[in-house]
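Going down the list, the sequences are from chains A and B. Going by the working numbering, the first residue of the first sequence is number 1, and it counts up by one from there. Going by the working numbering, the first residue of the second sequence is number 1, and it counts up by one from there.
Keep in mind that the hints were calculated from the coordinates and are not lab data. Just so we're clear, the structure is a prediction, and the values are computed from it rather than from any experiment. From the three backbone atoms N, C-alpha and C, an ideal C-beta is built for every residue, glycine too. Treat the hints with caution; some may be incorrect.
Straight-line alpha carbon distances no greater than 30 angstroms define the calculated DSS-like cross-link-like pairs of lysine-lysine that follow [stated by the list, open to error]: (1) Lys218/B x Lys307/B; (2) Lys476/B x Lys448/B; (3) Lys265/A x Lys356/A; (4) Lys117/B x Lys189/B; (5) Lys356/A x Lys380/A; (6) Lys132/B x Lys356/A; (7) Lys55/B x Lys77/B; (8) Lys393/B x Lys373/B; (9) Lys77/B x Lys348/A; (10) Lys446/B x Lys459/B; (11) Lys377/A x Lys81/B; (12) Lys257/A x Lys286/A; (13) Lys117/B x Lys85/A; (14) Lys55/B x Lys81/B; (15) Lys380/A x Lys81/B; (16) Lys189/B x Lys132/B; (17) Lys189/B x Lys380/A; (18) Lys218/B x Lys132/B; (19) Lys48/A x Lys85/A; (20) Lys356/A x Lys476/B; (21) Lys404/B x Lys446/B; (22) Lys85/A x Lys390/B; (23) Lys377/A x Lys448/B; (24) Lys348/A x Lys81/B.
Stretches of chain B that chain A covers, calculated by requiring three or more beta carbons in the stretch to come under 8 angstroms of a beta carbon on chain A [said to hold, decoys possible]: (25) 51-58; (26) 85-91; (27) 252-261; (28) 280-292.
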Amino acid sequence: MGLYDMPINNLNKLIASGAVQATEVVEDVFDRIEQVEGKVRAYLTLNKEAALQQARRIDEQVAHGEEIDPLAGVPVALKDNICTKGLRTTCASRFLESFQPPYDATVVERLRARGAVILGKTNMDEFAMGSSCENSAFFPTHNPWDLQRVPGGSSGGSAAAVAAGEAVYALGSDTGGSVRQPAALCGVVGMKPTYGFVSRFGVVAFASSLDQIGPVTRNVQDCALVMNAICGRDPLDSTSADIAPPDFTSFLTGNVKGLRLGVPKEYFAAGTDPAVADAVRAAVDKLCELGAVAEECSLPHTEYGLSAYYIIATAEASSNLARYDGVCYGRRDEVRADLLEMYLHTRKNGFGPEVKRRIMLGTYALGSGYYEAYYLKAQKVRTLIRRDFEQAFQKYDVLVAPTSPTTAFKIGERTEDLLAMYMTDVCTLPVNLAGLPGISIPCGFKDGLPIGLQLIGRQFDDGRLLQAAYAFEQNTDFHQRRPQLDGTGR
Amino acid sequence: MANGYRIVIGLEVHVELRTNTKIFCSCANRFGAEPNTQVCPICMGMPGTLPVLNKKALEYAIKAGLALNCNIASFSKFDRKNYFYPDLPKGYQVSQFDLPIAHGGWINITGEDGQPKRIGITRLHLEEDAGKLLHEGTDAFSSLVDYNRAGVPLIEIVSEPDLRSPEEARQYLTELRNILRYTGVSDVKMEEGSLRCDCNISLNPVTTDQYGTLVEVKNLNSFRAVQRALEYEVERQAALLDSGCQVKRETRSWDDSAGVTRSMRSKEKAHDYRYFPEPDLVPVAVDQAWVETIRQDLPELPEAKRKRFMQDLGLPPYDAEVLTASQELAAFFEECLAVYDDAKTVSNWVMGELLGYLNQEGLDITASPVAPKQLGELLQLIADGTISGKIAKQVFVQVCQTGKDPQTIVAEQGLRQISDSSQLEGIIAEVLAAHPQVAEDFRSGKEKALGFLVGQVMKATRGQANPQLVNELLRKKLQ
């Protein structure tokens with residue numbers, strides 16, 4: 001096992017003891033990047049010099065006998081919609097191709113304060129709109145398990161980087177499944193914390209009421225460590241919850257005795273790959289073997305989730321993306337005609353087709369005369385979906401479902417069939433609509449492609465998910481498998 | 001001017017709140033700074049930034065709402081008003097749509113008939129201001145933008161269509177400005193843009209209750225402009241209706257130098273602002289106990305003060321109106337009254353000498369060179385016969401110019417009034433000797449002649465003689 005492939009805990013201990021230098025870890029990860037990045041293409045921007053500088057600081061601290069934080073010296077990749085001071089943040093969009101934020105996102109500030117080493121910025125669907133990373137304005141990212149296939153999206157770069165050993169862990173953002181779905185497709189752990197647990201300040205907004213930052217890691221313990229670093233009230237984000245987060249590692253007991261699991265039947269609807277359904281059911285059996293009790297349950301409004309999501313998310317996006325008008329920052333197409341022409345050219349050339357489609361959808365849904373029929377109705381559906389979950393959680397502690405109905409699909413396979421593409425998120429987006437925590441962990445393989453198990457919890461009961469996920473992980477070996485990227489790949 | 005028509009006017013007034021910082025970020029809220037020096041990533045709407053509500057702005061909005069007799073919402077929220085314009089960094093304005101912080105208020109004005117008239121206030125909501133476009137020093141294809149104002153807290157106050165003449169509109173604005181100035185939530189200076197007004201006006205035949213077609217008038221930069229623009233619109237719309245034409249539903253812009261309104265855009269092409277709840281801010285649950293604290297904190301407002309000045313101090317309505325035009329002036333008056341308690345006399349001097357002097361020097365009452373106590377003492381000097389009213393006016397000017405106390409000036413310059421008849425009798429004898437014909441005229445019944453003689457005595461004593469005493473002594477002598 002190379003340094004690049006080690007869990008956070010082990011790396012950190014090696015660095016803290018002086019056995020390994022943080023700079024060596026950075027060098028090792030960059031060697032790995034050099035080796036495989038040409039195939040995977042997970043990164044939009046690499047930050048080697050600054051990373052080494054940060055690593056040197058940690059090494060000095062260790063040399064001076066100082067205690068270091070559990071994340072200190074461990075290299076992390078950040079999705080490119082998370083603002084990094086002085087380091088370009090593009091959202092994989094032509095619009096922000098050369099945008100250098102003069103501020104760090106709160107999560108970045110928190111990671112820096114803990115000595116994290118920032119490797120670079122990862123590829124994504126433009127403005128986080130997509131489920132395959134194919135909507136990046138620059139290039140698609142490839143799934144490390146099969147380079148012909150997508151890594152999922154929109155945090156596809158983050159998931160692929162972690163799966164390929166190009167980062168020890170990463171941060172993504174999850175608006176409708178954008179952390180969990182690529183984690184599932186890349187065979188890694190991806191978590192969307194409860195809405196409000198992690199500050200959104202500095203995350204370029206897609207849909208404000210749904211967006212949440214989450215960790216992408218190679219195991220559950222790493223995920224808990226990252227959660228410890230990023231969760232907690234931020235005065236700069238009015239929607240961040242004033243709830244002190246627990247020590248998430250305290251949930252890693254391995255014990256699930258008496259844990260009540262609900263298995264929502266609607267999450268196994270037509271379109272679910274039988275292999276995925278089988279793997280998830282097998283995972284439920286495994287948890288029961290370990291002492292949990294499971295039962296089929298129903299979330300009756302699930303089928304309306306997708307429609308409601310695509311109205312609410314696009315409505316908010318149409319407004320959030322209005323700031324990209326060529327006036328204050330980012331791209332501007334100089335048209336010496338009039339203001340309207342400048343707007344039209346800039347936005348026409350600055351945004352890709354999916355972003356334009358969603359802006360138009362959202363603009364329509366909010367238009368006078370349509371507001372009640374679309375936006376307001378969607379909000380009502382959202383309430384019903386939230387109630388479905390509330391009712392289920394009166395009986396169950398954790399809900400268990402597939403993360404994605406299928407394994408990774410081929411690049412180009414769904415770009416012409418938008419509904420098929422949107423269906424990719426059918427199991428994850430209700431969790432965003434309800435503001436709940438969700439996690440995806442590896443639970444099987446089909447034809448060499450990973451399958452993700454999704455666990456859904458009560459609001460602010462994120463620890464319970466880690467508890468169940470950890471118990472499952474410790475009694476299976478799916479998380480230990482690695483994609484074969486040496487040689488020519490597939 | 002518009003015989004046969006009912007004039008219906010409603011005003012939308014925007015007022016900038018005088019908080020230390022902007023509504024959603026910690027940038028300074030100060031007028032007149034160099035362009036783009038009071039900006040940050042948040043008020044520039046840079047990617048990933050989020051708003052956090054300034055509690056002081058909320059408090060000021062509630063305070064304004066209470067002062068305008070509004071109901072304060074216990075649950076309120078913010079909404080996004082979406083439109084593209086370069087002065088709006090985010091492409092939307094954070095405003096309030098269906099749940100404003102305050103609604104259902106009113107203020108009183110004096111109606112056409114001289115009776116008090118209540119003007120309803122539909123709603124008062126909180127929002128952020130936009131930046132400002134500058135067209136100086138640029139070519140035809142570019143403009144400059146100053147974002148210092150972007151994110152300054154604003155309240156929008158919408159009146160009911162209760163105003164029935166341009167004069168009522170002016171009165172409403174004046175009263176509104178005074179009330180807000182009293183509460184201290186805003187500078188309410190139209191020339192600095194901290195108070196801005198748009199008007200809605202329609203005319204309909206008095207034979208029907210149905211409102212006519214509404215025209216919106218913008219670009220009004222002074223109270224005078226509001227009144228003139230409305231007067232112009234009344235004439236214009238009446239002329240159209242008289243000739244059987246229809247008034248077009250549109251927005252018109254006031255051209256102050258030409259004295260006309262001009263069509264800006266028709267309402268059919270009106271913006272669709274696509275309002276929806278602002279997801280970056282949590283709804284506002286207003287604590288009623290807090291509202292009560294703010295209410296307790298309200299100062300005595302102009303109307304109550306006017307009533308008190310009239311009922312308790314016996315001042316005429318005009319005096320009460322003038323003296324309460326600003327809190328500082330009213331305070332000056334009352335401090336003066338504490339030293340010299342004849343309200344009408346104090347009022348006369350404040351409105352006459354003091355305001356006259358301040359006006360002439362271009363000074364605000366807060367910069368008055370005369371302290372209220374000094375004016376009170378001056379009036380006391382008249383009352384106790386130390387100086388005459390005429391001398392007092394000279395002393396007043398000297399107090400203004402030197403800052404010295406009235407007593408000091410009187411003592412230094414020997415201005416004390418001559419109230420000793422033995423001192424005056426000699427002078428009177430001289431005056432009578434010098435003007436025998438005038439004395440004769442008086443004796444033969446010409447009352448006016450006495451005034452001339454008094455004047456001569458006053459002149460001879462350089463104004464220091466007690467005029468009343470001179471009067472008495474002259475009459476005695478001439479009988």
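Hint check:
Between Lys218/B and Lys307/B, the direct Cα distance comes to roughly 35 angstroms. Violation of the 30 angstroms bound is thereby established for this hinted pair. Between Lys476/B and Lys448/B, the direct Cα distance comes to roughly 16 angstroms. Compliance with the 30 angstroms bound is thereby established for this hinted pair. A hinted pair counts as satisfied when its Cα atoms are at most 30 angstroms apart, and Lys265/A with Lys356/A does not qualify at roughly 35 angstroms. Taking the CA atoms of Lys117/B and Lys189/B, the gap is about 25 angstroms. The hint holds against a cut of 30 angstroms.
Restraint check for Lys356/A and Lys380/A: satisfied, since their Cα atoms lie roughly 26 angstroms apart, inside the 30 angstroms limit. Under the criterion of a C-alpha separation no larger than 30 angstroms, the hint pairing Lys132/B with Lys356/A is consistent with the structure, at around 29 angstroms. Distance check on the hinted pair: Lys55/B and Lys77/B sit about 14 angstroms apart at the alpha-carbon level, within 30 angstroms; holds. Distance check on the hinted pair: Lys393/B and Lys373/B sit about 16 angstroms apart at the alpha-carbon level, within 30 angstroms; holds.
This hinted pair does not check out: Lys77/B and Lys348/A have alpha carbons roughly 34 angstroms apart, beyond 30 angstroms. Between the alpha carbons of Lys446/B and Lys459/B the distance comes to roughly 21 angstroms, so the proposed pair stays at or under 30 angstroms and holds. About 20 angstroms separates the Cα atoms of Lys377/A and Lys81/B, which keeps this hinted pair within 30 angstroms; it holds. Of the pairs offered as hints, the one joining Lys257/A and Lys286/A holds, with about 12 angstroms between alpha carbons and a cut-off of 30 angstroms not exceeded.
With a C-alpha separation of about 59 angstroms, the suggested pairing of Lys117/B with Lys85/A is violated against the 30 angstroms cut-off. At most 30 angstroms may separate the alpha-carbon atoms for a hinted pair to count; Lys55/B and Lys81/B meet this at roughly 21 angstroms. Restraint check: the Cα-Cα separation between Lys380/A and Lys81/B comes to about 22 angstroms, which is no more than 30 angstroms; the hinted pair holds. Simply put, Lys189/B and Lys132/B have alpha-carbon atoms about 17 angstroms apart, close enough for the 30 angstroms limit, and the pair holds.
Between Lys189/B and Lys380/A the alpha-carbon distance is near 45 angstroms, which puts this suggested pair outside the 30 angstroms criterion. Distance hint between Lys218/B and Lys132/B is fulfilled; the C-alpha atoms sit about 16 angstroms from each other, no more than 30 angstroms. Between the alpha carbons of Lys48/A and Lys85/A the distance comes to roughly 15 angstroms, so the proposed pair stays at or under 30 angstroms and holds. As the CA atoms of Lys356/A and Lys476/B are separated by approximately 102 angstroms, the hinted pair breaks the 30 angstroms bound.
Of the supplied pair hints, the one linking Lys404/B and Lys446/B is violated, its CA atoms being roughly 44 angstroms apart against a limit of 30 angstroms. Proposed proximity of Lys85/A and Lys390/B is contradicted: the alpha carbons are some 74 angstroms apart, above 30 angstroms. With a C-alpha separation of about 89 angstroms, the suggested pairing of Lys377/A with Lys448/B is violated against the 30 angstroms cut-off. Under the criterion of a C-alpha separation no larger than 30 angstroms, the hint pairing Lys348/A with Lys81/B is consistent with the structure, at around 23 angstroms.
Counting residues of the segment 51-58 of chain B whose CB lies closer than 8 angstroms to any CB of chain A gives 3, so the stated coverage by that chain holds, three being the minimum. Coverage of the segment 85-91 of chain B by chain A holds [criterion: at least 3 residues with CB-CB distance below 8 angstroms; count 4]. Residue count for the segment 252-261 of chain B with a Cβ under 8 angstroms from a Cβ of chain A: 0. That is fewer than the three needed, and the coverage hint is violated. By the rule of at least three residues with a Cβ nearer than 8 angstroms to a Cβ of chain A, the coverage given for the segment 280-292 of chain B holds, with 3 such residues.
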